[in-house]
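Given next are the chains, with one letter for each unit.
2 protein chains.
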Amino acid sequence: MLENGEHFFEGVEKLLEIWFEESSNSENDLRNISRSDWENVLSHVNCEIISTSKNDIIDAFVLSESSMFVSKRRWILKTCGTTTPLKCLSLLLKLAATNGFTVVADLFYSRKNFTRPEAQITPHQGFTEEVTYLDSIFPNGRSYCLGSMNLECWYLYTFSRSDIKISPEQISDGKGVESDSDPDQTIEILMQDLDPETMGIFHKEKFPSAHEATLKSGINTILPSMHIDDFLFDPCGYSMNGINEKGEYMTIHITPENKFSYVSFETNVALSNYRKLINQVINTFKPGKFIVTIFANKCSLAYETMKELEVEYSKGSHWKRTDMQCCNFPSYNLLFAQYSHTDKKGDNL
Amino acid sequence: MLENGEHFFEGVEKLLEIWFEESSNSENDLRNISRSDWENVLSHVNCEIISTSKNDIIDAFVLSESSMFVSKRRWILKTCGTTTPLKCLSLLLKLAATNGFTVVADLFYSRKNFTRPEAQITPHQGFTEEVTYLDSIFPNGRSYCLGSMNLECWYLYTFSRSDIKISPEQISDGKGVESDSDPDQTIEILMQDLDPETMGIFHKEKFPSAHEATLKSGINTILPSMHIDDFLFDPCGYSMNGINEKGEYMTIHITPENKFSYVSFETNVALSNYRKLINQVINTFKPGKFIVTIFANKCSLAYETMKELEVEYSKGSHWKRTDMQCCNFPSYNLLFAQYSHTDKKGDNL
Chain F
1 MLENGEHFFE GVEKLLEIWF EESSNSENDL RNISRSDWEN VLSHVNCEII
51 STSKNDIIDA FVLSESSMFV SKRRWILKTC GTTTPLKCLS LLLKLAATNG
101 FTVVADLFYS RKNFTRPEAQ ITPHQGFTEE VTYLDSIFPN GRSYCLGSMN
151 LECWYLYTFS RSDIKISPEQ ISDGKGVESD SDPDQTIEIL MQDLDPETMG
201 IFHKEKFPSA HEATLKSGIN TILPSMHIDD FLFDPCGYSM NGINEKGEYM
251 TIHITPENKF SYVSFETNVA LSNYRKLINQ VINTFKPGKF IVTIFANKCS
301 LAYETMKELE VEYSKGSHWK RTDMQCCNFP SYNLLFAQYS HTDKKGDNL
Chain H
1 MLENGEHFFE GVEKLLEIWF EESSNSENDL RNISRSDWEN VLSHVNCEII
51 STSKNDIIDA FVLSESSMFV SKRRWILKTC GTTTPLKCLS LLLKLAATNG
101 FTVVADLFYS RKNFTRPEAQ ITPHQGFTEE VTYLDSIFPN GRSYCLGSMN
151 LECWYLYTFS RSDIKISPEQ ISDGKGVESD SDPDQTIEIL MQDLDPETMG
201 IFHKEKFPSA HEATLKSGIN TILPSMHIDD FLFDPCGYSM NGINEKGEYM
251 TIHITPENKF SYVSFETNVA LSNYRKLINQ VINTFKPGKF IVTIFANKCS
301 LAYETMKELE VEYSKGSHWK RTDMQCCNFP SYNLLFAQYS HTDKKGDNL
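First to last, the sequence lines map onto chains F and H.
Take 1 as the starting number for the first sequence in full-length UniProt numbering and just add one per residue.
Take 1 as the starting number for the second sequence in full-length UniProt numbering and just add one per residue.
Chain F extracted, bound-state conformation (with noise of 0.2 Å):
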């Protein structure tokens, strides 16, 4: 609600993802911290706890506002609304280095601009103040805004300890950086002006369970391995998070209200190629505008995919790219690109 009454929320997500140093112990894991711990730290963000999930690889929280991911060394946490996520970052190092995890690896600190960055709470009332509170806890961060900033943008910040450790020689002989990485990648699908017909399908008046709306808008058909552990908000709203037996996951949080509807999709399934992917979530919600973004720590991964999606470009598609950048960063590359729809025919990239 803003302060002249009229009905608003924030869709648009923080997303923090964090990797921690291999731990010398094997046993040490963060999976290990308790629900109350994690529930101290989410009291600091400003929201709760509302359903579970896990597997052997990884435990999934739906949270009152979105969702967090935690495996053995990497910490996901995103939120939407006026949550302030940076604020549980010390405690949630304190924790981290009680189970055994004292270095980070990799942060990463996103978000698409607000809708209404008047609403939001320090230090989230601008990308300065985000930059400046995380440049007091990550010495040698880098921040960047990708698309255009008096428009439509993404902001990242992220701090690599490859950036300060690696040497010359490491640099020279083309490794170093990503010797002792994992493979990983993530692709996030940001929309907005959606289809207000999909929209209607995440009211509770409409279906009484989340997993009927799971059905319906084909949610659980994106990515099939997925058990989906679902949450339908009332009045409405929807999250849901998935997780694989690879311990892969996949999340989508939607705010279906068609003043300020935003749907966003997020997942690290390994793909070479992930057109057929954008275009089944593009499909399933029909926005009007969308962003992608794409990390991967393999460059040819990034690259392949940067290719793919610029090939499409000219191709008889009605959606017209209106920004596209790369990034290489020290361990990963990241891919950014954004779609308007040039008319309301629902169509492939």
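By construction, these hints were calculated from the structure, which means they are not laboratory data.
These figures come from a predicted structure and were not determined experimentally.
Keep in mind that a hint or two might mislead.
Stated by the list, open to error - Among the chain F residues that face chain H by a calculated CB cut under 7 Å, a handful are: (1) Met324; (2) Cys326; (3) Asn328.
What the hints assert, rightly or not - Which chain F residues stay away from chain H? Per the calculated CB distances, all over 12 Å, these: (4) Ser23; (5) Arg73; (6) Ala97; (7) Gly247; (8) Leu335.
Ideal placement from N, C-alpha and C gives every residue a C-beta, glycine not left out.
Dock chain H against chain F, hints included.
Just chain H now, with coordinates in the frame of chain F:
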């Protein structure tokens, strides 16, 4: 001079480049604008013409703060210090219209982050202010920040008529956006922390004439086809414009003071590979760090260079690439790369 009396000069330039749509009357030419009209334009910028050179295709002006280039339908203004190039835009557009050029096809405004932003004059007191000013003249312009916002970065505002005029049909047949463009490419190399001995050349007490400084430094060998108009400032500082028979240009500006040394190199010579040129510029001036930007309106050209620079990263070089980004705009591709020397040995990229 700063408020505290400390000597300082902002070498970092503001670069404005405007392409007008081809005029229906082939007699129309921006070079028909008179010297006194240009002087009037430049009075809004707070700089003056100190030398001119010309050939059949291009007029080049050395200014008290950097350079101006005028050709048939393209205008380039590059000014350093605390000049205010945006303030001449309205007058420039009026003069262009009087001379038959009423439609801006492409506009680029760019600059590196200032060393001392607080010394700048409105509307240049921050990129946000610059964008607001440009947005008041060019609707649907886009603004970008490449590199790390909290460390070193390069700002770009770009307006492209093709961003507005192309229809979905033009997108889908892969034509339209470039059909009425001339081939065009620009490389800039912005260098800091330069070798003091090399910078020593650009002091009036060492060399009484600019020509001698040009020869001693080897600037004349970088692009030998260029006819050089050079100027040595008192007590120090250097500017040169070079133009060749094809209408191509190069320009170099040097702020030699050790505490804030800065050298910029720019040219639009058509090359399929810029590695040799970059190496020659770097070996001439010996910076501690530098930024390269390459614009090209042929995808293949930008991409070839990008791949080239990427490959060079992992070879036995003492340059560490701290950032690399690639942007696809409607009618141009842009490559941005940032390098730091890992030690002080001179070395090739």
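Now for the hints, and whether the structure bears them out:
Proximity of F:Met324 to chain H holds as hinted, the smallest CB-CB distance being about 4 Å (cut-off 7 Å). Annotation: interface hint on F:Cys326 holds; nearest CB of chain H at approximately 4 Å, less than 7 Å. Restraint check, F:Asn328 versus chain H: the minimum CB separation of about 4 Å is within 7 Å; hint holds. Residue-level check passed: F:Ser23 sits 29 Å from the nearest beta carbon of chain H, beyond 12 Å.
For F:Arg73, the non-interface assignment is confirmed: its Cβ lies about 26 Å from the closest Cβ of chain H, beyond the 12 Å cut-off. The claim that F:Ala97 is not at the interface with chain H holds, since no C-beta of that chain comes within 12 Å of its own (minimum 26 Å). No Cβ of chain H comes within 12 Å of the Cβ of F:Gly247; the nearest lies about 31 Å off, and the non-interface call holds. The non-interface label for F:Leu335 is inconsistent with chain H: the shortest C-beta to C-beta separation is roughly 10 Å, within 12 Å.
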